[in-house]
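Start from the sequences, fold in the hints, and give me the full structure.
Protein sequence lines correspond, in order, to chains A and B. Start counting the first sequence at 1; every next residue gets the next number (our numbering). Start counting the second sequence at 1; every next residue gets the next number (our numbering).
Misleading hints may appear alongside valid ones.
What the hints assert, rightly or not - List of simulated lysine-lysine pairs, DSS-like, C-alpha gap at most 25 Å: (1) B:Lys74 / A:Lys64; (2) B:Lys110 / A:Lys19; (3) A:Lys59 / A:Lys2; (4) B:Lys2 / A:Lys10.
To be verified - A few chain B positions that, by computed beta-carbon distances, are all more than 12 Å from chain A: (5) Met31; (6) Asn106; (7) Glu201.
Claimed, not checked - Label-pair restraints from in silico Cβ distances: (8) B:Pro115 / A:Phe44: 25 to 35 Å; (9) B:Gln124 / A:Lys10: 31 to 41 Å; (10) B:Ala123 / A:Leu14: 42 to 52 Å; (11) A:Arg40 / B:Ala75: 57 to 67 Å; (12) B:Gly205 / A:Thr41: 51 to 61 Å; (13) A:Ser73 / B:Ala71: 24 to 34 Å; (14) B:Gly160 / A:Ser73: 21 to 31 Å; (15) B:Gly97 / A:Ala56: 13 to 23 Å.
Because the hints were derived from the structure by calculation, they are not lab data. Computed from a predicted structure; not experimentally measured. Each residue gets a CB set at the ideal place from its N, CA and C atoms; glycine is no exception.
Given next are the chains, with one letter for each unit.
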Amino acid sequence: MKAVVHVFLKPGVLDVQGKAVEQALHGLGWPAVGHVRVGRTIEFDLAAGDAAAAEAEVKAMCEKLLANTVIESYRVEVA
Amino acid sequence: MKAAVIVFPGSNCDRDCKVAIERSTGAEVSMVWHQETELPDGVDLIVLPGGFSYGDYLRCGAMAALSPVMADVKAAAERGVATVGICNGFQILCEAGMLPGALLRNDHLKYNCKPVALEVSNAQTRFTAGYAGRREVAMTVGNGEGNFFADAATLDRLEGEGQVVFRYLANPNGSARDIAGIVNGAGNVLGLMPHPDRAFEPELGSADGAILFQSALASA
Chain A
1 MKAVVHVFLK PGVLDVQGKA VEQALHGLGW PAVGHVRVGR TIEFDLAAGD AAAAEAEVKA
61 MCEKLLANTV IESYRVEVA
Chain B
1 MKAAVIVFPG SNCDRDCKVA IERSTGAEVS MVWHQETELP DGVDLIVLPG GFSYGDYLRC
61 GAMAALSPVM ADVKAAAERG VATVGICNGF QILCEAGMLP GALLRNDHLK YNCKPVALEV
121 SNAQTRFTAG YAGRREVAMT VGNGEGNFFA DAATLDRLEG EGQVVFRYLA NPNGSARDIA
181 GIVNGAGNVL GLMPHPDRAF EPELGSADGA ILFQSALASA
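If you want it as structure tokens, here you go:
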């Protein structure tokens, strides 16, 4: 199975990188852009019986390593 | 007195720490490679140095927190051994769950490299007792991700329990409540972004860092 993990800073955590990108987009002529968040995508293959089992495993990986839940939230896709 | 400096791939203040501890305290300092599974016997002080362990991959300190040696570092800290994480070492302690909170990118996105004035917010810890009531000390910072973050409840608890040890007099990076360094609840694990290892003799602009290492070992 293919797992895709999206990791972003939590809404309450200032995303300075997102802010800088937003300002750059404004400077390039897209003033309508707002609330830019820069995150990270991690994808990998995983041998698992079914999607539910895979999702549970990937969530455990997120809690242990892939995300720092003090500052980040994550979203898991398994297909 | 014995101290151990943990060396991760990408640590770059490990030798500075060794020299700083030796010159400030006369302790015997072992360099411990991160793949080791045991610290030397009878260590009184463990230091996690600054640098860019594992190239800051994933998050600063995230990979180092999972290094083999960290299991014994945690066990020693639980036994009460004085443990100090400086800069990247602070990030590693947070990632390892040995200290609360996390270090975010500096609010201005720049790498900060400059002297900083610090308030000694708690002079009663085993790391700050040697300042003998001095309210202000000088060290330097050198980091891109030194912006301390924790949720409001955690910050309130840190402040209420006297776990905030150092504060910036002029906040250089957006750190929550000007926090530069904290200790764990037991008081034996300290994490700080400023470098005592770059301020251990007057020729470096400040010798205030030496007192931190002396205090840590005096209390061992």
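How the hints compare with the structure:
no. : hint                           : result
1   : B:Lys74 / A:Lys64              : holds, 16 Å
2   : B:Lys110 / A:Lys19             : holds, 13 Å
3   : A:Lys59 / A:Lys2               : holds, 14 Å
4   : B:Lys2 / A:Lys10               : violated, 42 Å
5   : Met31                          : holds, 27 Å
6   : Asn106                         : violated, 7 Å
7   : Glu201                         : holds, 35 Å
8   : B:Pro115 / A:Phe44: 25 to 35 Å : violated, 44 Å
9   : B:Gln124 / A:Lys10: 31 to 41 Å : holds, 34 Å
10  : B:Ala123 / A:Leu14: 42 to 52 Å : violated, 31 Å
11  : A:Arg40 / B:Ala75: 57 to 67 Å  : violated, 32 Å
12  : B:Gly205 / A:Thr41: 51 to 61 Å : violated, 43 Å
13  : A:Ser73 / B:Ala71: 24 to 34 Å  : holds, 28 Å
14  : B:Gly160 / A:Ser73: 21 to 31 Å : holds, 27 Å
15  : B:Gly97 / A:Ala56: 13 to 23 Å  : holds, 22 Å
Hint compliance for this structure: hints 4, 6, 8, 10, 11, 12 are broken, all remaining hints hold.
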